[in-house]
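Participant: Residues per chain are reported as follows:
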Amino acid sequence: MVPAIQIEQVSKNYGGIRALDAVSLRIGQGEFFGLLGPNGAGKTTLINILAGLVIASSGSARVLGHDVVADYRSARRALGVVPQELVFDPFFTVHETLVFQSGYFGLRDNRGWIEEVMHNLDLSDRASTNMRALSGGMKRRVLVAQALVHKPPVIVLDEPTAGVDVELRQALWQFIRRLNRHGHTIVLTTHYLEEAEALCGRIAMLKQGRIVALDSTQNLLRMHSGCYLELRLQPDRLPDSLAALVTLRREGGYRLALRDYAEVESVIAGLRSAGIAIQELEVLQPDLEEIFVQIMRRT
Amino acid sequence: MNRDPDRETGGMPVSHRPSPVTGFWTLFRKEWLRFWKVSVQTILAPILTVLLFLVVFAHSLSGRVEIFPGVDYAAFLVPGLAMMAVLQNAFANSSSSLMQSKMTGNIVFVLLPPFSHQEFFGAYLLAAIARGVVVGAGIFIATVWFVDLRLERPLWSAAFALAGSGVMGALGIVAGIHSDKVDELAAFQNFIILPLTFLSGVFYSIQSLPPFWQAASHLNPFFYMVDGFRYGFFGASDVSPWLSLAIVGGSFFALSFFTLWLLRSGYKLRH
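Residue numbers (the numbering used here), protein chains in the order written: chain A, 71 to 369; chain B, 290 to 560.
Everything labelled a hint here was simulated from the structure, so no lab data went into it. Please note that the accuracy of each hint is not assured.
As the list claims (entries may be wrong) - In silico BS3-like cross-links for lysine-lysine, where the CA-CA straight-line distance does not exceed 25 angstroms:
#1 LYS391(B) - LYS470(B)
#2 LYS557(B) - LYS470(B)
#3 LYS326(B) - LYS391(B)
#4 LYS326(B) - LYS209(A)
#5 LYS391(B) - LYS557(B)
#6 LYS277(A) - LYS470(B)
As the list claims (entries may be wrong) - Residues of chain B placed beyond 10 angstroms of chain A at every Cβ, according to the derived structure:
#7 TRP314
#8 VAL329
#9 VAL344
#10 PHE398
#11 ALA419
#12 ALA426
#13 ARG439
#14 LEU440
#15 SER494
#16 PRO510
Positions of the beta carbon are idealized from the N, C-alpha and C atoms, including for glycine.
For reference, chain A alone in the conformation it holds in the complex (with noise of 0.2 angstroms):
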C-alpha cells in the first residue's frame, strides 16, 4: 500500500541555519501518528513542506504517493492541514469560510458535507457570524473545519489545541478519532504530550532538525526500564543513603527515580533500619514526557 506520507532525506536550510537534517520518515495510510520535540525542532517546517508551504532545499515529500512539488495538486487535494496560528479572514462568516475553502479544493457543490462538519464541530449556530466575532476557541474550529472541507485523506494537526480549553479538546480528540477509524492518516504535533500518548499508534522525536526517535508509542514508553516510587514519610525525612535518588520534594512526600522494580525492596530496607515509617507507597511508570525529556536530554 502507498504510504500515506513518505519524506526522503528531506533537507531545510535557511541562510545559514539547518532546519531539518536529512529526515526521512514513512507514515503509513491510517495511522495516527506523532510528531514531537521542543520548541525549533523543525515540526512546522516539515509540515510546512508536506503542504507546499516551504521548499525544501533538497530531498523529497510524497503524500499518497504524490510529489508535493512535481504533482502538488493530487499532493495538496490528499492533505487537510490545520496551522498552528489562529488565522481567519474578517471579511467573511463563518460558512462563507468553508464554502470559499471548499471552492479552493476545485468542490462546487459541497454543501452537505460542509453542513455535516460544521455540525460536527458545533459551528452550525454560528454559521452566519463574521469570523472577527469569534471566540479564539471558536475559532479554531473553523480552522479544523477548513482543514476537513475538501475530505483530505491525510490530516495534518499543527498543535490544534494550543489555548483550547478542555472541554473543546476533548471533543476535538473524539471527531478526530472517529475520522482516523474511518480511515484517515492522521499527523499530530502537540506540546501537551499526554494527548500524544493517548492518542497515537507511532511518534517520532525531532531535535535540532533530526529525528532522535522513531516508533510505537508502546515500545518508546517501554524504553524506560525504571520507575518512580511515591512515599509519605514518620518521621518525614530520608536517610542520607536514599537521598541521591530524590527526583521531587513535596510538602509530607518524596519521589524517587529506581532504575528498576527490584530496587523497591533495597529502599524499604533502608527506611526500616532508619527507623522511618512508610505511610503511603505508591509505584508510578513513566510516562511520555519522561522519555521525551530523556531522549532530548541523551541526544
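Starting from the known structure of chain A, fit chain B onto it as the hints suggest.
Facilitator: For chain B alone, kept in the frame of chain A given last:
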C-alpha cells in the same frame, strides 16, 4: 461540539471530481466580495473623490481652457479622472488584499489549495480589473448627468480601461507580494503610483507643456493609458491610440509574465 454517531462522517469519499475552474472562480469570487462588502470605502469613496476634483477644477477652469476643439474642460476632465481612479483602484485591490493576507497570516488559505500560479494570478488580476471597471463605471454614471460627455469610440475606451487596470492589477500583485510592511506598500503607492497618475495628463494635454516635460511625459506609461482612454470619448488624443495601445498592451504582457514568474518562484510566499 456535537458528535452524533449515527451521522456518517468518517468515510469522506470525494463524491465529485474537483475542477480547477471552480478553484479559480471561487478565488475570484472571494476577491470580488472582499471589495464589494466594503463598497462604501472601495467604490463610493473614490467616486466622491473624483466628483470633488471635478467640481473644483471644472468650476475654476471651465470656459477658460479649451484643450480639444468644441470640448468643454469639464468633459475633457471626466475621462482622465475616471481613468486615474480605475488605475489607482485596480492597484489598490490586488496589493492591499495580498498585503493584508500576508500580514494577518490568512494567505495560508490560498496557498494550501492546489492553485497553479496562473490560476492564482488570474483570479487576483480579474478581481483588480473588476474593481477598476466598477469604479470607472460608477464615475461615468455619476457625472453623465451634469457633464456633456460624448463616447465616440467606446471600444477604445473599454480596451484601455481593461488593459490599464490589468497593468495596475498585476503591478499590485507584485507590490503586495514584495511588501512586508504597510509603509512599504504605502511608499509604493504614494511615491510611484500617485505621481505617475497625476502627471499622466489627467488634468491637461501634454501639448500645453514645455518640450522637456512633454518628452518626460512620453516616458510615463500612465500617460498612454489616459490618452488612449480619452480618445475613446472624443476621437482626439495627444498621440496615436494605436501607439498607446501597443505600449499599454506590451506593458501588460511584460508585467504579467514577470508576475507569473514571481509567483512560480514562490517569492516571499513559499519560503
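Participant: Now look at each hint and say whether the structure bears it out.
Facilitator: Against the structure, the hints:
1. LYS391(B) - LYS470(B): With Cα atoms ~9 angstroms apart, LYS391(B) and LYS470(B) stay inside 25 angstroms; holds.
2. LYS557(B) - LYS470(B): This hinted pair holds, its Cα atoms lying about 13 angstroms apart.
3. LYS326(B) - LYS391(B): Holds, because 20 angstroms separates the two Cα atoms, which is no more than 25 angstroms.
4. LYS326(B) - LYS209(A): Status holds; Cα separation ~21 angstroms.
5. LYS391(B) - LYS557(B): Given pair LYS391(B), LYS557(B) holds - Cα atoms ~9 angstroms apart, limit 25 angstroms.
6. LYS277(A) - LYS470(B): Violated, because 33 angstroms separates the two Cα atoms, which is more than 25 angstroms.
7. TRP314: violated (7 angstroms)
8. VAL329: For VAL329(B), whose nearest Cβ neighbour in chain A is about 14 angstroms away, the distance exceeds 10 angstroms, so it holds.
9. VAL344: holds (33 angstroms)
10. PHE398: violated (6 angstroms)
11. ALA419: The assertion about ALA419(B) holds, with a minimum of 16 angstroms to chain A.
12. ALA426: holds (23 angstroms)
13. ARG439: The claim holds: ARG439(B) sits with its nearest Cβ about 39 angstroms from chain A, beyond 10 angstroms.
14. LEU440: Per Cβ check, LEU440(B) is outside 10 angstroms of chain A; nearest 35 angstroms; holds.
15. SER494: SER494(B) clear of chain A: closest Cβ-Cβ about 41 angstroms, beyond 10 angstroms.
16. PRO510: Non-interface label stands for PRO510(B): nearest chain A Cβ at 32 angstroms, farther than 10 angstroms.
In this structure, the hints that do not hold are numbers 6, 7, 10, in rising order.
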